[in-house]
Amino acid sequence: MDSWILTILTFFPMLGVLILLLVDRERQGSIRSIAFVTSLLNAAFSLYVYFNFAADSAAMQFSVNKSWIDSLGISYHLGIDGISLFLVLLTTFLTPLAILSSWSAVTKKVKGYYISMLFLETGMIGVFVSLDLFLFYVFWELMLVPMYFLIGIWGGPRRIYATIKFVLFTMTGSLLMLVAILVLYFMNHAFTGTYTFNLLEIAELPIPLGAQFWLFFAFALAFAIKVPMFPFHTWLPDAHVEAPTAGSVILAGVLLKMGTYGFLRFCLPLFPNAFMDNVPLFSILAIIGIIYGAIVSIRQVDIKSLVAFSSVSHLGFVMLGLFALNLQGMEGGILQMINHGISTGALFLIVGMIYERRHTRLISDFGGVSKKMPVFAAFFMIVALSSIGLPGTNGFVGEFTILLGTFKSNVVYAVLGAVGIILAAVYMLWMYQRVMFGKITKPENENLKDLNLREKLVLIPLIIAIFWIGIYPKPFFSRMEPSVKALIENAQTKYGENQSFQESLTLDSQQIEQMDEESED
Amino acid sequence: MGESLMDWVMPNINLELILPEIILCVFAILILILDPFLSKDKKIISGHLSWIALVLAFLAALRLWDLQETTFSQMFLVDNYASFFKFIFLVGSFLIVCVSLSYLKREEILHGEYFSLILFSTLGMMLLASGFDLVVIFLGLEIMSISLYVLTGFRRSDPKSNEASLKYFLMGAFATGFLLYGIVMIYGAVGSTNLEQIIRSIALGEVGSSLMVWAGAGLLLVGFGFKIASVPFHMWVPDVYQGAPTPITAFISAGPKAAGFAALLRVFLFCFVTIKVDWTTIVWIMAVLTMTAGNIIAIAQSDIKRMLAYSSIAHAGYVLVALVAGGETGVSSALFYLLAYTFMNIGAFTVVILLGRKGEENTGLDDYSGLGTRSPLLAILMTVFMFSLAGFPPTAGFMGKFYVFSAAVKSGFVGLVIIGVLNSLISVYYYLRVVVIMFMHPPKAEAQRIPVAFGAALVLLISIWGVLQMGILPDSLLSLAQASVSSIF
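Keeping their order, the protein sequence lines are chains A and B.
So that you can map any letter, position 364 of the first sequence is 364 in my numbering, and since no number is skipped, the others follow by simple counting.
Numbering-wise, my numbering comes out as the position in the second sequence, counting from 1, plus 1000.
Isolated chain A (complex conformation) (with noise of 0.2 Å):
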């Protein structure tokens, strides 16, 4: 039985874009309005399916499968479960509080802006609800278009690099990944004589540990470039650097999520051999990234720029425990995705307040900003604890149950993974400092004012979600379990399998020797 609510939470943005392409670019307030609305309604529609999600289920909810393209097997087929429950959630909810926190930055071109953000919230839902690989690769290619136009229109002095870098980057992993999949495809027609892009199908196949191999390193690639992985990661700074505010909230808190989600979806199921035995490179790859993601961030000068090199770090430790194959491990890995999207976007927009209101990021421009605007430092306060994962807060339930589950798996990645928490305190600590304590250096910084109205409202939601997620984190846990354990449990028992048929394979090559030798006597 189809259901419509994923189509709807996929598309509902795009009859938005419509609406705003028929409003006169000069009503910049309606248009404003319209986009907050349509995008807090997808929102509602979110809690739709989050209230009527089965918990206890591993099977894709909300389903729907319909024919798109038959001559060429390709169908629209888009599902829900434990892992892109939450992933829908956070870019339902991060999509209206960018929307709103763009108010009074975005003052240019002001149509064009929003019709981008509701064009990409659009492809993002559709990259987490589609099971076919098809589908799935149009919206993953289709989010980088409106994205591009956020950054090279609204963005920062070097945005057109920063936009044509962070294009080229991505698209080389995907274009990859796409041949990848035109492989797996046929290699599916070979053994199972039908056409189809179903991932659901094609994760049925078993396919030789060569060849896994290679497509397993071509899906990866595309992945761990969007995570960003250590050593693709160098698109992230200037990418995040030059978007406006609500870009980097949006790339951060949600763009970022796709390729760690990518991992879960399309490596793990598909090519669980390739995936079990290159843990101790991506393990090792990750803890870099931690460590060196943190101790470039503590170099920063620029706020923004820390936190970029700081998401560098926290995904690090998101892969790490994706890769302990365990289901703490994994759970913690999901649970800080969705943490991180939180507090990392929260800091986005926090720098992007103190922006609006001096127009530089330099931590040097600042310095005792808390006796100007208290509300300001205890929701700027919140937000660090959080991303250093002090325990009360989102962060340390995320980091507390990934390290729990590379612990059991390897001790020494846990311990070295460890090390980035301690360093994320000095730079996260140091910086906050640097800006809000001391006295007051600037004399510019003399006359700044609070947070207005519309910008507590921006940040209240998330400093909930920080606690809720910190102190009552069961709900998130319990709906995440069935599926992840069902994950887990196939990914094993495909990997026996596909060594089996491997040998099988072999097997008969050897079979075929012994019958020479035999028809030789």
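Calculated cross-link-like contacts (lysine-lysine; reagent style DSSO-like; alpha-carbon spacing at most 30 Å): (1) B/Lys1043 - B/Lys1160; (2) A/Lys111 - B/Lys1444; (3) A/Lys165 - B/Lys1444; (4) B/Lys1105 - B/Lys1042; (5) A/Lys456 - A/Lys474; (6) B/Lys1444 - A/Lys109; (7) A/Lys108 - B/Lys1444.
Rather than coming from a laboratory, the hints here were simulated on the basis of the structure.
Values in this document were obtained by computation on a predicted structure and should not be read as measured data.
Given chain A, work out where chain B should sit, using these hints.
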């Protein structure tokens, strides 16, 4: 005494099968005759006659769907493959005529011969698609090309146009020489120029000398390679594309390229299919060189017509990948790709035409600065065309590349596909550069609104519909392309 005139019997030709071609021919001659009698302001009638002719020919071609019949002693074949190509040509020519009406008026070169030559050129293309005999293919090629040589030089007062025309003519004549020599070789080896006869002889091995067959195939590849502008026969493209009047540039980039491929695919995947292993490597190398050279050199261009010229070289490379793939999927993917390419290329060139003024073509890339503010609708349309050329979903360009690459993977050429996607990546850079300039650079001081004539608007509408339809709901056209090749295999 022999037979007298009264004993002459009408040869057995099924005129219905060549009805589209007859329509084009009659109207072309009609325009030529009528034109001297039209006063200067009534010259537009020739233009209207030409698009009427193209519509009528399209309707006539529709009636010929799902046939597999030959006429003119098996020299002219009407099958789905030929019909699909004829649809591409007729649609392409229709779009060009519509956009030319206002262009010619603006440039004050509104002469009836222009439209007549376009009709003749289309006629030549249709012969190339339906030709089932090497001589007919040659005939079609010449009719198409000679009309194009003249059309390239249509801006008589512009030295660039004259230079382009002469270059095109000289190099084209040279290539025709190669083609003819190839035909001669094949004839020498097989004893006939009929494609059916050729494939039979080659398959059964009853050729005079297989060396002659290979030499003939190689020479034919050179001749066709020039027409489709593949490396290393592409040298004429940038100068000819830049010098020709822009509607003709659009015309050359779409129709004749597709026609060249029609004949190339027919000859190589039908006649020479049994010796495919011999020529696959060479075409593989040609495909790689064509894609790569086209994309890399395009990056250095500062004139949009030259950039689009090199981009069309690169796109020919992608279709060559389909040729390497071969088989049913290979051919149907090539057909689909050429249709998609016609829409997006003509669309992009229409925007280029609209930016020009009398005497000043405004084809530098910096003439596009701030088009997003000057004329947002045009800029958005151009953006869609650029994204389609680059291969972003959900456009025709993406679907076409996807289909071609899947055909290549199916035939086992994964390395070629990897090179193809990396080339797509390189092309993203220069296509996006146009979008950057349009939206992210400030407009020039004297920028005014751009007037869009009805004909150009119609072309943009049809092109954008084609690009989006083939990208989002390609099923109908995909099945059409697949139905077109089942007749060959």
